[in-house]
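My numbering puts the first residue of the sequence shown at 23, with every later residue one more than the last.
These are computed hints drawn from the structure, not numbers from a lab. A virtual CB, placed ideally from N, CA and C, is assigned to each residue, including glycine. Among the hints, a few may not be true.
As the list claims (entries may be wrong) - Derived DSS-like pairs (lysine-lysine); straight-line CA-CA distance at most 25 Å:
1) 186 <-> 205
2) 174 <-> 190
3) 174 <-> 194
4) 186 <-> 202
5) 229 <-> 261
6) 174 <-> 205
7) 202 <-> 190
8) 194 <-> 229
Said to hold, decoys possible - Pair ranges (Cβ atoms, derived):
9) 104 <-> 170: 13 to 23 Å
10) 223 <-> 119: 25 to 35 Å
11) 203 <-> 119: 34 to 44 Å
12) 151 <-> 332: 11 to 21 Å
13) 171 <-> 256: 25 to 35 Å
14) 323 <-> 294: 13 to 23 Å
15) 218 <-> 181: 36 to 46 Å
16) 48 <-> 228: 34 to 44 Å
17) 48 <-> 206: 46 to 56 Å
18) 302 <-> 223: 38 to 48 Å
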Amino acid sequence: MQPQPFDLTAPDGTTLRGRRWVADEASTRAVVVIAHGMAEHGERYARFADALTGAGFAVYAADHRGHGRTAEGGTLGYFAESDGWNRVTDDIDTVVTHASAEHPNAPIVLFGHSMGSLLARTYAVRHGERLTALVLSGTPADAGTLGLVGSKVAAAEARLRGAKHPSKLLDKLSFGAFNKAFKPARTDFDWLSRDDAEVDAYVADDKCGFIATAGFYVDMLGGLRLVNTPSFVAATPAKLPILVVSGDADPAGGDGRGVEAAAAMLREGGVEDVTLMLYPGARHELLNETNRDDVTAHVLAWIEARLPHDA
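All chains, please: the whole structure from these sequences, using the hints.
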């Protein structure tokens, strides 16, 4: 199915560009809003969207600030001059509001991948009452002390070299070790998937794999720290069903350990329905993995089971 493009205006006037997939406006059972990951864009979710529309769902995916079509004419890998994390969280709410207006009776499911899962966790605390369910894919592990150090490095680099300076240092600190388990690696991005064709498509995409700015890392590492703060997690709506999916060979999630810790923190914070699915051998991008059809089927079945009976 060909996506339909849309442009939205964020609260601060920023133009958000994205696309939607809708098979039948009149019979939409639910809406899935996708928050994509770092250094990628929403168009990459077309295959997943096709599966969802086949089940009667509408799908909306805007490109975050500094990413994809939203970044056109601007700086890749840069959120905002200030308060970037909150601005992007507000952008998600702009998309949810738009989707809800177009499908006023449809339940809303938020799907966040990688960095998008951190934004989704933030959104759930601030606007969880708008959601019927939340899916977290490839959610990164708590960086702990290294995250604090990284935040200080990012702030210093932004101050000294400018917030829009592409940070090779922070890129190396964040991702430099991710390929170690997959030697000899064909590319710098073997950690994304066991499917060589999918990795090659990522490498060939000029809107993927770019080096983000120092200002971006200030925002992103601050968001990572926020969503791993117990008092913040405890504000997640207790009745919001949450699915956490990851590969147990995903270095971003600590090879499953960090993902298990994230699910445990949500349960300890009071969320009553937390489901964890770990896929043996799978790497970071489950929707582009060799077992992607199984993952998609499992995610779809989980969502179906949590929709209102009349949806």
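Hints versus structure:
no.	hint	verdict
1	186 <-> 205	33 Å, violated
2	174 <-> 190	15 Å, holds
3	174 <-> 194	15 Å, holds
4	186 <-> 202	29 Å, violated
5	229 <-> 261	37 Å, violated
6	174 <-> 205	31 Å, violated
7	202 <-> 190	18 Å, holds
8	194 <-> 229	19 Å, holds
9	104 <-> 170: 13 to 23 Å	21 Å, holds
10	223 <-> 119: 25 to 35 Å	32 Å, holds
11	203 <-> 119: 34 to 44 Å	41 Å, holds
12	151 <-> 332: 11 to 21 Å	19 Å, holds
13	171 <-> 256: 25 to 35 Å	26 Å, holds
14	323 <-> 294: 13 to 23 Å	20 Å, holds
15	218 <-> 181: 36 to 46 Å	41 Å, holds
16	48 <-> 228: 34 to 44 Å	38 Å, holds
17	48 <-> 206: 46 to 56 Å	53 Å, holds
18	302 <-> 223: 38 to 48 Å	24 Å, violated
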